[in-house]
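**Student:** Start from the sequences, fold in the hints, and give me the full structure.
Number of protein chains: 2
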Amino acid sequence: MAEKHPTEIASIGEFGLIDRLTRDFAPVNSATVRGVGDDAAVIAPAGADEVSLCTTDLLMEGVDFDLTYFPLRHLGYKAVVEAVSDLLAMNGRAEQLLVSLGVSSKMSVEALEELYEGIRVACRELGVDLAGGDVKASVTGLAIHVTALGRVRREALTCRDGARLHDLICITGDLGAAYMGLHLLEREKRVLRDVQNPEPQFKGYEYLLQRYLKPRARRDVVEALAEEKIVPTAMIDLSDGLASDLLQICKASKCGARIYLDKIPIARQTTAFAEELHADPVVAALNGGEDHELLFTVPLAMQEQVMRMGGIDVIGHITAPEAGAMLVTPDGSEIRLKAQGFREEA
Amino acid sequence: MAEKHPTEIASIGEFGLIDRLTRDFAPVNSATVRGVGDDAAVIAPAGADEVSLCTTDLLMEGVDFDLTYFPLRHLGYKAVVEAVSDLLAMNGRAEQLLVSLGVSSKMSVEALEELYEGIRVACRELGVDLAGGDVKASVTGLAIHVTALGRVRREALTCRDGARLHDLICITGDLGAAYMGLHLLEREKRVLRDVQNPEPQFKGYEYLLQRYLKPRARRDVVEALAEEKIVPTAMIDLSDGLASDLLQICKASKCGARIYLDKIPIARQTTAFAEELHADPVVAALNGGEDHELLFTVPLAMQEQVMRMGGIDVIGHITAPEAGAMLVTPDGSEIRLKAQGFREEA
Numbered sequence: 000m001a002e003k004h005p006t007e008i009a010s011i012g013e014f015g016l017i018d019r020l021t022r023d024f025a026p027v028n029s030a031t032v033r034g035v036g037d038d039a040a041v042i043a044p045a046g047a048d049e050v051s052l053c054t055t056d057l058l059m060e061g062v063d064f065d066l067t068y069f070p071l072r073h074l075g076y077k078a079v080v081e082a083v084s085d086l087l088a089m090n091g092r093a094e095q096l097l098v099s100l101g102v103s104s105k106m107s108v109e110a111l112e113e114l115y116e117g118i119r120v121a122c123r124e125l126g127v128d129l130a131g132g133d134v135k136a137s138v139t140g141l142a143i144h145v146t147a148l149g150r151v152r153r154e155a156l157t158c159r160d161g162a163r164l165h166d167l168i169c170i171t172g173d174l175g176a177a178y179m180g181l182h183l184l185e186r187e188k189r190v191l192r193d194v195q196n197p198e199p200q201f202k203g204y205e206y207l208l209q210r211y212l213k214p215r216a217r218r219d220v221v222e223a224l225a226e227e228k229i230v231p232t233a234m235i236d237l238s239d240g241l242a243s244d245l246l247q248i249c250k251a252s253k254c255g256a257r258i259y260l261d262k263i264p265i266a267r268q269t270t271a272f273a274e275e276l277h278a279d280p281v282v283a284a285l286n287g288g289e290d291h292e293l294l295f296t297v298p299l300a301m302q303e304q305v306m307r308m309g310g311i312d313v314i315g316h317i318t319a320p321e322a323g324a325m326l327v328t329p330d331g332s333e334i335r336l337k338a339q340g341f342r343e344e345a
Numbered sequence: 000m001a002e003k004h005p006t007e008i009a010s011i012g013e014f015g016l017i018d019r020l021t022r023d024f025a026p027v028n029s030a031t032v033r034g035v036g037d038d039a040a041v042i043a044p045a046g047a048d049e050v051s052l053c054t055t056d057l058l059m060e061g062v063d064f065d066l067t068y069f070p071l072r073h074l075g076y077k078a079v080v081e082a083v084s085d086l087l088a089m090n091g092r093a094e095q096l097l098v099s100l101g102v103s104s105k106m107s108v109e110a111l112e113e114l115y116e117g118i119r120v121a122c123r124e125l126g127v128d129l130a131g132g133d134v135k136a137s138v139t140g141l142a143i144h145v146t147a148l149g150r151v152r153r154e155a156l157t158c159r160d161g162a163r164l165h166d167l168i169c170i171t172g173d174l175g176a177a178y179m180g181l182h183l184l185e186r187e188k189r190v191l192r193d194v195q196n197p198e199p200q201f202k203g204y205e206y207l208l209q210r211y212l213k214p215r216a217r218r219d220v221v222e223a224l225a226e227e228k229i230v231p232t233a234m235i236d237l238s239d240g241l242a243s244d245l246l247q248i249c250k251a252s253k254c255g256a257r258i259y260l261d262k263i264p265i266a267r268q269t270t271a272f273a274e275e276l277h278a279d280p281v282v283a284a285l286n287g288g289e290d291h292e293l294l295f296t297v298p299l300a301m302q303e304q305v306m307r308m309g310g311i312d313v314i315g316h317i318t319a320p321e322a323g324a325m326l327v328t329p330d331g332s333e334i335r336l337k338a339q340g341f342r343e344e345a
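So the sequence lines, in the order shown, correspond to chains A and B.
For the first sequence, numbering that gives the first Met the number 0 gives the first residue as 0, with consecutive numbering after it.
For the second sequence, numbering that gives the first Met the number 0 gives the first residue as 0, with consecutive numbering after it.
Worth flagging that the hints you see were computed from the coordinates, not collected in a lab.
A quick note: this is a predicted structure, and the numbers were derived from the prediction, not measured.
Don't take each hint at face value.
No distinction is drawn between identical chains; accordingly, a pair holds when it is met within one copy or between any pair of copies.
To be verified - Below 25 Å or equal to it, Euclidean Cα-Cα: the simulated DSS-like pairs (lysine-lysine) are: (1) Lys337 to Lys135; (2) Lys202 to Lys188; (3) Lys135 to Lys250; (4) Lys202 to Lys213; (5) Lys250 to Lys337; (6) Lys188 to Lys337.
**Tutor:** See below:
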């Protein structure tokens with residue numbers, strides 16, 4: 000293969016790469032309502048008021064997880080949550096799951112059963128059926144691939160491209176804790192590398208570990224929105240960090256955004272551990288990712304209704320596209336939000 | 000994690016492993032018509048005479064392909080064919096595709112574009128839309144994961160469990176050529192390892208290379224069956240070799256089988272290269288895999304109709320379960336068919 004000017008992936012970023020790779024694929028089936036470019040593919044079933052949803056997630060050992068401290072049971076659970084969370088972000092519900100594994104022959108059946116136990120628990124909690132999959136050999140590390148299928152009423156379908164001027168920017172839960180949990184685990188691994196009977200120190204930071212090792216899928220939020228008859232104008236799963244994910248909405252909706260630093264919900268333990276590291280917890284919230292909370296926009300008129308729901312914070316509003324996506328600090332200065340690049344390591 | 004008696008995967012085999020991992024997942028959604036245990040998951044859309052199909056395939060570098068001789072364009076093409084072939088084996092058609100990649104940062108964008116070019120060509124040929132996916136970093140090798148979605152009329156749906164006593168066992172195309180193509184490539188790689196300007200010798204064996212590097216998805220067969228109004232009683236994609244795949248049908252349909260060695264279609268080049276290696280071409284046909292032809296069963300009464308279609312060979316018939324799955328040699332002796340185990344290398 001002739002490569003005149005090889006381009007490094009890092010130079011165009013993950014999203015740039017996907018854009019570039021997928022730009023020439025025009026759908027030919029009328030049932031393909033929505034393809035590349037959102038959390039899930041949308042496929043119209045024949046003659047119903049619903050559309051089907053399908054999403055895929057690939058987790059690679061050494062990049063997305065480190066088996067030295069990631070219990071396999073939690074890993075299975077988290078793999079399901081990550082896929083299901085993508086369907087929730089379309090305002091849909093997950094119904095089926097297909098799991099493919101690439102595994103080294105060094106792994107025992109019992110180890111894989113632990114992994115599947117986590118998958119089973121998540122499936123039960125989330126009302127999802129395991130509906131297929133594959134186990135293949137791997138000469139490298141463990142690869143976990145999850146495909147989730149689901150559905151959503153046509154009028155409730157929420158994509159990334161529906162945010163409109165003055166819409167409120169809302170987020171569920173708190174941000175940055177998963178990222179801090181990962182840092183905590185990495186620190187203890189480093190410190191205890193040559194210790195005989197390591198006793199990692201996690202006291203006071205249990206919440207951070209839980210957020211990283213066993214994140215929740217926010218099905219409760221999607222159900223609460225339905226109960227309140229609120230259909231967000233746009234929604235995305237917070238998996239890459241607030242900055243990256245908000246920029247995805249801005250790009251798809253062709254708009255700008257203003258969010259306020261002091262409105263971003265950050266848990267006490269996240270702030271405490273950041274202080275211990277002499278780091279800024281806001282950076283964790285903006286760039287950390289893996290929180291699997293939901294970021295969504297609603298019309299300004301719904302402010303009171305959204306606030307009443309509880310557990311949701313309004314952190315800013317949608318602006319004109321030329322304004323860009325800005326973070327406003329307490330002293331009133333504005334910082335332009337940047338997406339993260341292609342990451343070699345988690 | 001406590002592991003009292005670690006079981007090696009090899010000791011229970013790939014299918015045993017999948018059985019063991021998935022046995023406790025009872026579907027809870029009525030729409031999950033069929034889950035684990037067939038080529039694709041079957042999902043009922045609301046109020047239609049069709050069901051949706053979804054299948055996933057994971058290809059790992061070093062196991063499923065070797066980039067030293069597998070052109071990326073062909074690899075992309077083959078990845079699509081493998082997934083689509085699973086839907087064809089349900090007697091369905093593929094409509095959407097989701098592709099997830101785990102890639103090393105050492106890979107150039109151009110290399111990945113080559114891969115996607117192959118995906119694009121296959122999508123165009125097969126009338127499938129790329130409808131989603133993901134690109135992740137990988138610290139190990141390239142991982143390609145494909146999810147294919149499609150549909151089939153309810154009354155045309157063909158699973159593995161419908162084979163009945165006296166049904167004819169039919170196969171399309173010829174078998175063992177892909178396996179021989181792989182052996183040819185591996186041989187040339189070994190021979191030319193330390194040669195400065197290697198010129199591999201493939202003359203006379205072009206068909207074997209094509210079968211391994213660029214297999215076809217037999218959409219033509221599924222369309223021809225529909226035209227003839229033939230709905231097979233059972234069908235499977237020939238990806239693991241005739242022995243393994245026929246045993247899958249026997250297991251699901253609770254039946255036995257008798258196939259005749261001299262009826263198994265083997266291409267001239269397959270036989271020629273096997274002779275060069277002092278190997279038995281029948282072994283390649285039985286255990287080789289990756290031919291992506293279709294193995295199906297039809298009622299005995301359809302014999303003439305199937306033969307008239309052309310390109311289809313009747314190689315035996317379904318027997319009672321206690322008879323087992325047997326290969327009958329030309330001298331009349333019977334050999335019990337065995338499935339392959341978990342393979343570390345392709």
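**Student:** Next, verify each hint and record whether it holds.
**Tutor:** A quick look at each hint next to the structure:
In this assembly of identical chains, the alpha carbons of lysine 337 and lysine 135 lie at most 25 Å apart only when taken from different copies (19 Å versus 38 Å within one copy). Proximity of lysine 202 and lysine 188 under a CA criterion of 25 Å is satisfied intra-copy only: 15 Å inside one chain copy versus 55 Å between copies. For a Cα distance limit of 25 Å, the shortest separation of lysine 135 from lysine 250 across copies, 21 Å, qualifies, whereas the shortest one inside one copy, 37 Å, does not. In this assembly of identical chains, lysine 202 and lysine 213 lie within 25 Å of each other by CA distance solely inside one copy; the values are 17 Å within and 56 Å between copies.
Proximity of lysine 250 to lysine 337 under the C-alpha cut-off of 25 Å is restricted to the intra-copy arrangement: shortest distance 12 Å within a copy versus 55 Å between copies. With identical chains, the CA atoms of lysine 188 and lysine 337 are never at most 25 Å apart, being 30 Å at best within one copy and 46 Å at best between copies.
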